[in-house]
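Take the given structure of chain A and dock chain B to it, following the hints.
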Amino acid sequence: MSLADRLSDWQTAGLIDAATAARIAAHEDARSRPVVLWAVIALGCLALALGIVSLVASQWFAIPDGVKLGGHMLLTIGTAATVWRTRTHEALWWAEGALFLLATLVLTGLALHAQIYQLTGDIWRLLMAALLLAGPALAIAGQTRLTAYALIGLAMWATISWASAVDGGGSGHLLVQGLAIAVPWLALALAAFVRDRSAFASGLTEAAAVVILVSASLIHIAWADPVTGADAADMAVRFAVALPAAALAIRAQRTHGPLPRQFALPLIAIPFLAAALAVALPHGNGPLPRFVGALIYAAMWGGVGWVAAQRGWRTLFGIAIGALALRLFIIYFELFGTLATTGFGLVMAGALLIGIALAWRRIFKRFGS
Amino acid sequence: MRQRVLAFVLLLPILGLTAHIGWRVAEGAGATDWTIPITGIDPRDPLRGNYLIFRYAWTVEGDPATCDEDGCEICLVGPPPDGLRLRIVTGSDPACKYPVDWAASGLRLSFMAESDENGGQGPIFSGRFFLPEAEAADAAAALGSGQPVGARVRRTRNGRLLVRKLGPENLTETAP
Numbered sequence: 324m325s326l327a328d329r330l331s332d333w334q335t336a337g338l339i340d341a342a343t344a345a346r347i348a349a350h351e352d353a354r355s356r357p358v359v360l361w362a363v364i365a366l367g368c369l370a371l372a373l374g375i376v377s378l379v380a381s382q383w384f385a386i387p388d389g390v391k392l393g394g395h396m397l398l399t400i401g402t403a404a405t406v407w408r409t410r411t412h413e414a415l416w417w418a419e420g421a422l423f424l425l426a427t428l429v430l431t432g433l434a435l436h437a438q439i440y441q442l443t444g445d446i447w448r449l450l451m452a453a454l455l456l457a458g459p460a461l462a463i464a465g466q467t468r469l470t471a472y473a474l475i476g477l478a479m480w481a482t483i484s485w486a487s488a489v490d491g492g493g494s495g496h497l498l499v500q501g502l503a504i505a506v507p508w509l510a511l512a513l514a515a516f517v518r519d520r521s522a523f524a525s526g527l528t529e530a531a532a533v534v535i536l537v538s539a540s541l542i543h544i545a546w547a548d549p550v551t552g553a554d555a556a557d558m559a560v561r562f563a564v565a566l567p568a569a570a571l572a573i574r575a576q577r578t579h580g581p582l583p584r585q586f587a588l589p590l591i592a593i594p595f596l597a598a599a600l601a602v603a604l605p606h607g608n609g610p611l612p613r614f615v616g617a618l619i620y621a622a623m624w625g626g627v628g629w630v631a632a633q634r635g636w637r638t639l640f641g642i643a644i645g646a647l648a649l650r651l652f653i654i655y656f657e658l659f660g661t662l663a664t665t666g667f668g669l670v671m672a673g674a675l676l677i678g679i680a681l682a683w684r685r686i687f688k689r690f691g692s
Numbered sequence: 081m082r083q084r085v086l087a088f089v090l091l092l093p094i095l096g097l098t099a100h101i102g103w104r105v106a107e108g109a110g111a112t113d114w115t116i117p118i119t120g121i122d123p124r125d126p127l128r129g130n131y132l133i134f135r136y137a138w139t140v141e142g143d144p145a146t147c148d149e150d151g152c153e154i155c156l157v158g159p160p161p162d163g164l165r166l167r168i169v170t171g172s173d174p175a176c177k178y179p180v181d182w183a184a185s186g187l188r189l190s191f192m193a194e195s196d197e198n199g200g201q202g203p204i205f206s207g208r209f210f211l212p213e214a215e216a217a218d219a220a221a222a223l224g225s226g227q228p229v230g231a232r233v234r235r236t237r238n239g240r241l242l243v244r245k246l247g248p249e250n251l252t253e254t255a256p
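As they're listed, the protein sequences go chains A and B.
So in the numbering used here, the last spot in the first sequence is 692, and the numbers never skip.
So in the numbering used here, the last spot in the second sequence is 256, and the numbers never skip.
Worth flagging that the hints you see were computed from the coordinates, not collected in a lab.
Please note: incorrect hints may appear among the correct ones.
Said to hold, decoys possible - Derived Cβ-Cβ restraints for the label pairs, each shown as a range:
1) B:Asp148 to A:Gly607: 48 to 56 angstroms
2) B:Met81 to A:Gln382: 32 to 40 angstroms
3) B:Ser172 to A:Leu415: 38 to 46 angstroms
4) A:Ser538 to B:Asp148: 50 to 58 angstroms
5) B:Thr146 to A:Val537: 44 to 52 angstroms
6) A:Trp383 to B:Gly171: 39 to 47 angstroms
Stated by the list, open to error - A few chain A residues that face chain B, going by a derived Cβ cut-off under 10 angstroms, partial list only:
7) Val390
8) Met396
9) Ile400
10) Phe423
11) Ala437
12) Tyr440
13) Gln441
14) Leu450
15) Ala452
16) Ile463
17) Thr467
18) Gly580
19) Pro581
20) Ala663
21) Gly666
All C-beta atoms in this analysis are idealised placements derived from N, C-alpha and C, irrespective of residue type, glycine included.
Isolated chain A (complex conformation) (with noise of 0.2 angstroms):
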């Protein structure tokens, strides 16, 4: 319904007189934006762009590896430089697209190199090179959700690189596994140094939360498989060396924020600690480790529910509802083979759903709907 039918409406039902109708619609005209003609002008830039980058890609190899290293260096320099300026003046959006650039043209960049000079291996050497080179940057520079979700990308995404391609088994290998666990533990760490820019803190905060939540729930399955104990051992040691990053991040969040004090210990030390029993304590594959797990798994989602509760994040209080409703369905269907009773852990289920539903609503009805 546009603007104008709902101030019609309004008006008819004696809510807001014309004077009022015609002082609101001047005030939205006032706002409005030519967002269709931003969308055409973005979709020339887009063209204008891909149209240059192709005609230069079709001439590449007819360009001296000099010019090419050469131009890519200044590109670099320049954004540096920007990013560098546009910090001083405060044009945010500038700074931290210029500083996203610059972290594309550093993986660019050792691209490059490796195909100037035939350079061959696994992609983790250059990812984390690309993470050496242009991770600090992004911690230190960065002010935006955006920037943070790019730093945990990239910082992720190197090292379980990493982590993947290393053997399992050597003391070595271990460590670097260990590295790859640690790292949503040591975004909550860096978020908590870097509180006053409240938005990259917060960025940083909820996608290592996601992570973390994300990966303690789905490590869960392991309670459906058997680990041997030399398995558990091995994972026991990948969880030692990421235990210090998990006691960081408990520490740096209890005394700088931005976590409430009372909640980094259900939001981080639990799902570290739920996660590290389901691969690291050997157990078979019977009901009872099953049994375990869930209850594991609802101590983990009941924790983050209660947290959310206290604050009134309903977005988290519903998610971590659903995660609990989803592992009650899957109960029922693995401690209960038999028809018979896999309809009675339906309605009892069903019944409970309904239940929680009604005191979701109860709950956050002192917050405000």
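Relative to the frame of chain A, chain B by itself:
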């Protein structure tokens, strides 16, 4: 202090990329040129994107049984630019003047499924080379047709092989 840290992290990518270029240029200084015959692996599809996958057609000396899944210790016999002969060695061999860094050279090792005409199941050393799109089709056709193709390769001081050019004309430079 904050400004200094910011300046440093913005300079870091530039310094890092420059240092990497310097490293690769220094690595190439003092490199020797070799011409090595190559042939196809799968003539039906030697291309992977813009990469040409090929087999080095070395005359191999030494015992392939000393190779493992990570590769072989190998030497070019030489002298440069004659890259026709390759020797598989074990440990440091004083006669090996031109050792090859297996991992840095991007070599792959496999063995023939069936015996060749001499009854051996010799090792296959394969490599890949990034080619411009315009040249890739011609190179693939040359490999598939059986005509002699050579690779102009530079061997750096630390033993890395860098393929610089492919083409039928290269082999005429090493013809006896």
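Hint check results:
In this structure the supplied range 48 to 56 angstroms is violated for aspartate 148 of chain B paired with glycine 607 of chain A, their Cβ-Cβ distance being about 37 angstroms. For methionine 81 of chain B and glutamine 382 of chain A, the hinted distance range of 32 to 40 angstroms is not satisfied, since their beta carbons lie about 46 angstroms from each other. In this structure the supplied range 38 to 46 angstroms is violated for serine 172 of chain B paired with leucine 415 of chain A, their Cβ-Cβ distance being about 60 angstroms. At about 36 angstroms, the CB distance of serine 538 of chain A to aspartate 148 of chain B disagrees with the hint of 50 to 58 angstroms.
One distance hint, 44 to 52 angstroms for the beta-carbon pair threonine 146 of chain B and valine 537 of chain A, holds here, with the actual separation near 47 angstroms. Between tryptophan 383 of chain A and glycine 171 of chain B the CB atoms are about 44 angstroms apart, so this pair conforms to the stated range of 39 to 47 angstroms. At its closest, the beta carbon of valine 390 of chain A sits 13 angstroms from a beta carbon of chain B; the interface hint therefore is violated under the 10 angstroms criterion. About 7 angstroms separates the beta-carbon of methionine 396 of chain A from the nearest beta-carbon of chain B, less than 10 angstroms, and the hint is met.
With a cut of 10 angstroms, the hint placing isoleucine 400 of chain A at the interface with chain B holds, because the nearest CB-to-CB distance is about 6 angstroms. With a cut of 10 angstroms, the hint placing phenylalanine 423 of chain A at the interface with chain B is violated, because the nearest CB-to-CB distance is about 13 angstroms. A hinted interface residue such as alanine 437 of chain A counts as satisfied when its beta carbon comes closer than 10 angstroms to some beta carbon of chain B; here the least separation is about 9 angstroms, so the hint holds. For tyrosine 440 of chain A, the suggested interface contact is upheld, since its CB lies about 5 angstroms from the closest CB of chain B, less than 10 angstroms.
With a cut of 10 angstroms, the hint placing glutamine 441 of chain A at the interface with chain B holds, because the nearest CB-to-CB distance is about 5 angstroms. Among the interface hints, the one on leucine 450 of chain A is violated; its C-beta lies about 14 angstroms from the nearest C-beta in chain B, farther than the 10 angstroms criterion. Nearest Cβ of chain B to the Cβ of alanine 452 of chain A: about 7 angstroms, under the 10 angstroms cut. The hint holds. The closest approach between the C-beta of isoleucine 463 of chain A and any C-beta of chain B is roughly 5 angstroms, which is under the 10 angstroms cut-off, so the hint is satisfied.
The closest approach between the C-beta of threonine 467 of chain A and any C-beta of chain B is roughly 16 angstroms, which is over the 10 angstroms cut-off, so the hint fails. The restraint placing glycine 580 of chain A at the interface with chain B is violated, with a minimum CB-CB distance near 20 angstroms, outside the 10 angstroms limit. Given hint, proline 581 of chain A at the interface with chain B, is violated; its Cβ is 20 angstroms from that chain's nearest Cβ, farther than 10 angstroms. Taken as an interface hint, alanine 663 of chain A does not check out: its beta carbon lies about 55 angstroms from the nearest beta carbon of chain B, beyond 10 angstroms.
A distance limit of 10 angstroms between C-beta atoms decides the matter here; for glycine 666 of chain A the minimum to chain B is near 54 angstroms, and the interface restraint is violated.
Violated hints, listed in ascending order, are 1, 2, 3, 4, 7, 10, 14, 17, 18, 19, 20, 21; each of the other numbered hints is respected by the structure.
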